[in-house]
Structures are given as C-alpha cells and as structure tokens.
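Please construct the entire structure, taking both the sequences and the accompanying hints into account.
There are 2 protein chains.
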Amino acid sequence: MQSLKKTPRLCLSPFRLGRYINRSVFLATQILPSVDNQHRKDFGPTVSPERLLLGPGPSNADPAVLKALSQPPIGHLDPFYVDLMSEVQELLRYAWQTSNRLTLPMSGTGSAAMEATLANVVEPEDTVLVAIKGYFGHRLADMAGRYKANVETIHKEWGNAFSLQEIEDALKKHTPAVLAIVHAETSTGVCQPMDGIGDLCRKYNCLLLVDTVTSLGGVPLYLDEWKIDLAYSCSQKGLSCPPGLGPFSMNERAENKMSNRKDKVPNWYLDVSLLNKYWGSDRVYHHTAPVNMNFGIREALRLLAEEGLEVSWGRHRTNAKSLWNSLENIGLELHVKEELRLPTLTTVKIPEGLDGKAFTKHLLNNFGVEIGGGLGDLAGKVWRIGLMGYNSTSENVDKIINIFETELPKFR
Amino acid sequence: MQSLKKTPRLCLSPFRLGRYINRSVFLATQILPSVDNQHRKDFGPTVSPERLLLGPGPSNADPAVLKALSQPPIGHLDPFYVDLMSEVQELLRYAWQTSNRLTLPMSGTGSAAMEATLANVVEPEDTVLVAIKGYFGHRLADMAGRYKANVETIHKEWGNAFSLQEIEDALKKHTPAVLAIVHAETSTGVCQPMDGIGDLCRKYNCLLLVDTVTSLGGVPLYLDEWKIDLAYSCSQKGLSCPPGLGPFSMNERAENKMSNRKDKVPNWYLDVSLLNKYWGSDRVYHHTAPVNMNFGIREALRLLAEEGLEVSWGRHRTNAKSLWNSLENIGLELHVKEELRLPTLTTVKIPEGLDGKAFTKHLLNNFGVEIGGGLGDLAGKVWRIGLMGYNSTSENVDKIINIFETELPKFR
Chain A
1 MQSLKKTPRL CLSPFRLGRY INRSVFLATQ ILPSVDNQHR KDFGPTVSPE RLLLGPGPSN
61 ADPAVLKALS QPPIGHLDPF YVDLMSEVQE LLRYAWQTSN RLTLPMSGTG SAAMEATLAN
121 VVEPEDTVLV AIKGYFGHRL ADMAGRYKAN VETIHKEWGN AFSLQEIEDA LKKHTPAVLA
181 IVHAETSTGV CQPMDGIGDL CRKYNCLLLV DTVTSLGGVP LYLDEWKIDL AYSCSQKGLS
241 CPPGLGPFSM NERAENKMSN RKDKVPNWYL DVSLLNKYWG SDRVYHHTAP VNMNFGIREA
301 LRLLAEEGLE VSWGRHRTNA KSLWNSLENI GLELHVKEEL RLPTLTTVKI PEGLDGKAFT
361 KHLLNNFGVE IGGGLGDLAG KVWRIGLMGY NSTSENVDKI INIFETELPK FR
Chain B
1 MQSLKKTPRL CLSPFRLGRY INRSVFLATQ ILPSVDNQHR KDFGPTVSPE RLLLGPGPSN
61 ADPAVLKALS QPPIGHLDPF YVDLMSEVQE LLRYAWQTSN RLTLPMSGTG SAAMEATLAN
121 VVEPEDTVLV AIKGYFGHRL ADMAGRYKAN VETIHKEWGN AFSLQEIEDA LKKHTPAVLA
181 IVHAETSTGV CQPMDGIGDL CRKYNCLLLV DTVTSLGGVP LYLDEWKIDL AYSCSQKGLS
241 CPPGLGPFSM NERAENKMSN RKDKVPNWYL DVSLLNKYWG SDRVYHHTAP VNMNFGIREA
301 LRLLAEEGLE VSWGRHRTNA KSLWNSLENI GLELHVKEEL RLPTLTTVKI PEGLDGKAFT
361 KHLLNNFGVE IGGGLGDLAG KVWRIGLMGY NSTSENVDKI INIFETELPK FR
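From first to last, the protein sequence lines stand for chains A and B.
The first sequence begins at 1 in UniProt numbering and counts up by one.
The second sequence begins at 1 in UniProt numbering and counts up by one.
In short, the hints are calculated from the structure, not lab data.
Hints may contain errors.
Each pair may be met inside one copy or between any two copies, as identical chains are not told apart.
With a straight-line Cα cutoff of 20 Å, these simulated DMTMM-like cross-link-like pairs (lysine to aspartate or glutamate) come out [unchecked claim]: (1) 357 to 282; (2) 321 to 195; (3) 361 to 78; (4) 410 to 352; (5) 148 to 125; (6) 148 to 263; (7) 156 to 352; (8) 227 to 252; (9) 262 to 142; (10) 148 to 126; (11) 357 to 225; (12) 203 to 42; (13) 381 to 306; (14) 264 to 126; (15) 264 to 152; (16) 203 to 252; (17) 227 to 339; (18) 361 to 83; (19) 203 to 166; (20) 277 to 142; (21) 203 to 224; (22) 173 to 125; (23) 262 to 125; (24) 227 to 166; (25) 173 to 78; (26) 41 to 87; (27) 357 to 78; (28) 264 to 125; (29) 41 to 224; (30) 41 to 83.
Written out as structure tokens, the structure reads:
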C-alpha cells in the first residue's frame, strides 16, 4: 500500500479489507472530513530477527516469560490480577532481600523507577549527594536537579569504586538529605562494595538511594541488611524478562520523608502515595496497569525463586569468571580490576587501532550476536559484554569467545 | 515451597533446582550474609483466566498482537528496532490523522502520556484551563497543578458535553496558555464534539490539549484538521493491544512552547526534548525501550491501517448502535443522549434497587465477562460497557445482550 491521496468522503477504503469485509459499513450518518492516507503504509507482519543479546541489556528473556507475557490481558482490577500483584510484590521482596511493604514494579522502564525514587522523597532545596563513577550517576544528578534539589556530586574515574572514607568525607561536608549511588554501574562494569555505606547514611541522617539495575537477580544484593532506603531496578537484565517494568522499593525511613512533604509529589504517574492505594489493600484505581508485562515479571521472578538467589548469583559469578579468563587468554585486557568486577557486565578494552564499532556491527550482522560499545567517558574505548539472567550460561561464554577468536583477527 | 528460616551461609538452596542444577555453584570466594527465604514463595506458573473484556478497558488484544508481543526481545538500538520505531510513528500518524513529527508511544501507560502532554509545555504560573465533564478531566487538573500551573476549571454534569459558547466564554475569561479537554470521556461515555474548538484556541492564542484515550482507532478523530496541538492515548482500547504504551503527539505550536521554556522539563522520563533525540534521526540512547510492547503496538497499528480508519470507525458505530437498541429493547436506559454517545463506551443506568456491583461480579465469575462500574459522580449509578477495537463485533453484542437478558432478572 503506497501513500495515496485523500479518499473521497465516506468512501469505503479501496485497500485489502480481508477479514474485516463482513463487518465493514459506511459511516452513513455522519458528515466527516476525508481521511488522509499519506501515512497509511502497507507494512508486513511484525517479525523480529533472532538475536543473542550479550550486551548491557536488554538480555534475552526466558521463553517461559515470553509465554506468560503473551496471554490475553485481563482487567487491572480483576481479582485474579489483584492476587498476581501481591505475588509479584512478594517475589520482588525475595529477589531484593527486603521486607519493605512498598515494593512494586513501576509501570515504566528502569529509568522511570529511578526517577520515582527521587521524585517521591526529594523536596526543593534538599541536598542530594550523587556519587558519580559512570553514566548512570550523571543521570541521577540530572534527574535530582529537575526536582529542584541542591545537587552535590563526588566523582571517581570510570572503572573504579568509592571507598568508605571518600563517602564519609562527602557526607560530612555536604550533610545531604539523600545519598544516591549506583551498585552495579552498567556503563563501566564496576560493582560498588556496599558494606558500611548504609551505616554511614544512618550516622549522617540521610537516605541511601541505590541503583540496582544491573545487579538484581545476578549479583549478591541485600536491601535490608545493607540499610538501603530506596532502590530501583529493571526487568530486562538479571530477571530475564523483556524491558518495560521498573522494580521499586522504599522502606519506612524513606516513606516518612515522603509523608512529611509540604507539597504533592511533583510527578503524578510515579507518585507512590497514590500508587500505594492501588498496590496496597485499598485497590483504588490509579492507572491501567501494564497487565501483560506483569504476567511476564511474575513468571521471571517465580523462576528466580525456584532457582534460588544463591544459585543464580553463583551461576553468574562462575560464567563471568570463565568469560574473564577466556578473554585474557585470547590476549584481551579487562577494564576493571577483578575485585570490583560485575559478574553481569564485563568491560573489555578495545585493542589499540581496532575499529570497535565495526566489530560489534560485524557480530550483529553475521552472527546475530549483540555486544555493547562504551558510553560517555568510555565511548570507543571498551566493549561491554553482558551475561545476565537467562543468558548467563557456559554455552554463551563458549559462543562469544569462539566468535572473538575467529573474528577479531580480521579486524586487527 | 513455604516460607522458611534463613538458609545457612553459602549453602546450596535445598529447593527444587530442576533445570538449573548443572550450572549451580557455591559462591565460594565471597563471604556473604545469609539469604532470607521468608518471601521465597512457591507459586505455580503464570496462567491467566479467559476473559471477555467488555468494560472501559483494557479490551482484549488481537491474537496477532499477542503473537508479536511474545517474540524474543532485541536491542533498543538494533537497526531492526530503529526501523520499527519509525514504522510505529508513521502508523500512529495515520491513526491520529496527523503529520506531527513528534508522534510516538511513551514508554508507560496512557496516564504517562497524559502527564507528558502537560509536563513538556506547562511552566510555573501558566494558566491551564481544564474543561471537566468526568473523571479524567479531574485527573488533568490534578496533574497540571503538580507542574505549578495556575489551574482554572469549567464544569459540566457527567454525561453531557461543552458547547462552543461555553468554551469561548471560558477562554475569554481566563486567557489560558493551554485548554485541556477530553474527547472521549471514559467515565461517562460522552464524545465531546470538537468542531470549532481548535479555531477558538488559535483565536485566543492557547494550545489545545486533547485526551483521545477512548477514541483513537474507534471514533472519528483528526488531529490536524481539528487543530489539536497536543494529544495522548493508550494502547489497550481502540488499538487492540495490551496496556503499557501511551501514544503521544505534539505539533509545532506546542513544540515552540516547549523550546522556549526557561527551565528543563521537570520530568526526565517524559521529557520530549530528550526523547526526540532517540526517536528522531540522532538515535541517541535515552532509556531502554519496552521493545516487546512496541512489537505489539506496531502489529496493532498495522492491522488498523489494513482495515482502514473509515471501516474501523464504521464498525464501532454499527456495533454500538446495535448494543444501544438492544439494551433499550430489554428495558434499560442509557445515560447519555444519542448524539453525544461514544461508540466505544456505553454508560447504562443501573435499574433502581439493583445491586450493580453484585451483577458485574456475577458476570465475571460465571461468564468470564468483564463490564465496568461507574467512577466518581457515577459510582453505583451506571455500568460501563466497552466495544473497542478487536472486541467491537456483532458476536460480542449478541453475547452481552443474551447474558443481560437471562441474568438481569435474577438480580431485580
């Protein structure tokens, strides 16, 4: 079907009507403007290519999750759906190791959940201290500024983590209302050691807000034990679900700050005081939930609980170690020192003089394998290889290493 | 699997490991806190019940859409996905009858797209005039207030529409920067006549913002012809896709207002100036797109283009008229006068003395059929019957009428 001129008024469309012909009618009772067909394109059915997603995410979804996702939708206040919501919350609590009542998936991607953590607790003039050691720290700072926070930052080179001393010094200096830090920096492949940060935040009377986008499900993570007050994540990495939901959790300390706000939360869609009435026992309609995505994440979280966190964490670590060894064995250098490396995402230095972008393109086009390039400070300097959730297998390690071994020499 | 006490340190989970056993390992190199299993529940696989969704939405999705939705995800910067984004935009332009460049699905539900229309153009102290004739007008007013607008409202009883004179009087009185009005009020079943409102907004130099949540795909709608500057909708009604995406469109007049803002858009996730760099030719990463939902909406919009707008609108009108006649034939009264009735959503008065809620519950539990109750001013007074997208068929009209005929007498 090409772009065509306007069709005559009230005229039956001349195009393929197929299955609809029997129920088609003229709008005989209304005088309407002509329909403009310039944007009416004749695209074929929606068929996506096969990909093995070994980049920074999305990762491949578990086939059982895709099956759950494709069930016919039901109402967002259907008793079955309301039960499912509670199950999703409970399984999320397990995955995050928290008993926070306010644990739920936001109806948007991980970035929406990130914004929700700030939007709900930050009031104008609050100091928000962001510990930046990669791309997503900058995003937190940008978002906090939009909520009129007084944003302070501390910085670490991209590929390193903060020491407890550095964090304490900054807390002492800035006395923030919120410290925001990324646990698993997807842009650098660094896992920030969390021991002791929660205690410091209690000592300096601030909330601890943690990005767990690339750790949830794949890397040891204990919200309550680590005294994390606010956390967010995504569905498409360690959970083996497609992107589209943003797990969110807040404890009572954070809830108290939210409850004491002078004004309404300046973001209606992400307002947890409203969402609480839908996810809590009241079940008051807020927005029409993305029910199918929630079918998917329930199944994803269920499979994680079935496997068990220790087993999943161990699987991620074993496969990552095998990847690290193999990459070094073929002469590549890793960007992050071993004790700070994320099991879910590995940054590999692009060898001097090699066109990293051409190589990733070659992998995608010829093998259907996606790996990521660098972001921000690391653009053009590293590749990012993800082994997350369903994709963290020894078979995938072998596959990517074999491809590197045979294909990389062609680019040197 | 019941809630159990904490497992010993570094111990392999004692639960069903099944498919994972071969790749499981101990985290032998790390000393970690114990994993708490109190929230580790042994839920069964995710299986949703069969429902015929004849309420205010979600409506049933086309099976072809569910098939598209369940394909394995691909990267949000994959060349295939980038092409798909452009196709979704083009098909959305057709569905909305607009050539607006900034036409795209927000990565959230319809309420997120609603918020996006306000968040991007409203600056503090701007007057936003909301014409309220139902629940969603109130929501617009609440949201506008959160963006520090000076919110003015005009009201009409729930079940009626505004006249051009009433709108002109209010524009003259309040000289707003934005007039927000709902085209298809899902809470009342009223279709607001749009002729002339766009011209008035140009005359009084304000932007026209229109809620098309329950009209897109099912009811005649011409964004450009009607001089609508900002519009939003949802995926789960006239488009026959599950909920989870919020179609959004803004024209150059609205874009100019956004470009002249003094401050950044106070909502990062919905910031169209950032989203434009991802959806426009730059393809700069903003957030990880909900790729599977976009597979779904592409298929939904493709099917709508294949059917053709005139045919779809005619189908909705014919089936709605048949529903209206049949409901009146069995002695029920409709809430809205015929010339203002929405073909996609019909409000039926609950007969005096009848327990409307018990009846809807009976339909859901015994027939798997969902219809809606009243919201806000109409709570307890009406039922809401939707015939939207894939569900607007004569078979569904017959089915719901038959059920009403046999079951309603049991509740009188």
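Verification of the hints:
no. : hint       : in the structure
1   : 357 to 282 : between (51 Å within a copy, 17 Å between copies)
2   : 321 to 195 : neither (22 Å within a copy, 66 Å between copies)
3   : 361 to 78  : between (45 Å within a copy, 10 Å between copies)
4   : 410 to 352 : within (14 Å within a copy, 80 Å between copies)
5   : 148 to 125 : both (6 Å within a copy, 16 Å between copies)
6   : 148 to 263 : both (13 Å within a copy, 11 Å between copies)
7   : 156 to 352 : neither (24 Å within a copy, 69 Å between copies)
8   : 227 to 252 : within (11 Å within a copy, 48 Å between copies)
9   : 262 to 142 : between (23 Å within a copy, 16 Å between copies)
10  : 148 to 126 : both (8 Å within a copy, 19 Å between copies)
11  : 357 to 225 : neither (41 Å within a copy, 45 Å between copies)
12  : 203 to 42  : neither (63 Å within a copy, 38 Å between copies)
13  : 381 to 306 : neither (39 Å within a copy, 46 Å between copies)
14  : 264 to 126 : both (15 Å within a copy, 18 Å between copies)
15  : 264 to 152 : between (24 Å within a copy, 18 Å between copies)
16  : 203 to 252 : within (17 Å within a copy, 51 Å between copies)
17  : 227 to 339 : neither (22 Å within a copy, 60 Å between copies)
18  : 361 to 83  : between (44 Å within a copy, 16 Å between copies)
19  : 203 to 166 : within (15 Å within a copy, 59 Å between copies)
20  : 277 to 142 : between (29 Å within a copy, 17 Å between copies)
21  : 203 to 224 : within (16 Å within a copy, 58 Å between copies)
22  : 173 to 125 : within (16 Å within a copy, 36 Å between copies)
23  : 262 to 125 : both (12 Å within a copy, 19 Å between copies)
24  : 227 to 166 : within (19 Å within a copy, 56 Å between copies)
25  : 173 to 78  : neither (51 Å within a copy, 44 Å between copies)
26  : 41 to 87   : between (42 Å within a copy, 8 Å between copies)
27  : 357 to 78  : between (48 Å within a copy, 13 Å between copies)
28  : 264 to 125 : both (15 Å within a copy, 17 Å between copies)
29  : 41 to 224  : between (52 Å within a copy, 19 Å between copies)
30  : 41 to 83   : between (41 Å within a copy, 13 Å between copies)
Taken one by one, the earlier hints fail for this structure at numbers 2, 7, 11, 12, 13, 17 and 25, listed in ascending order.
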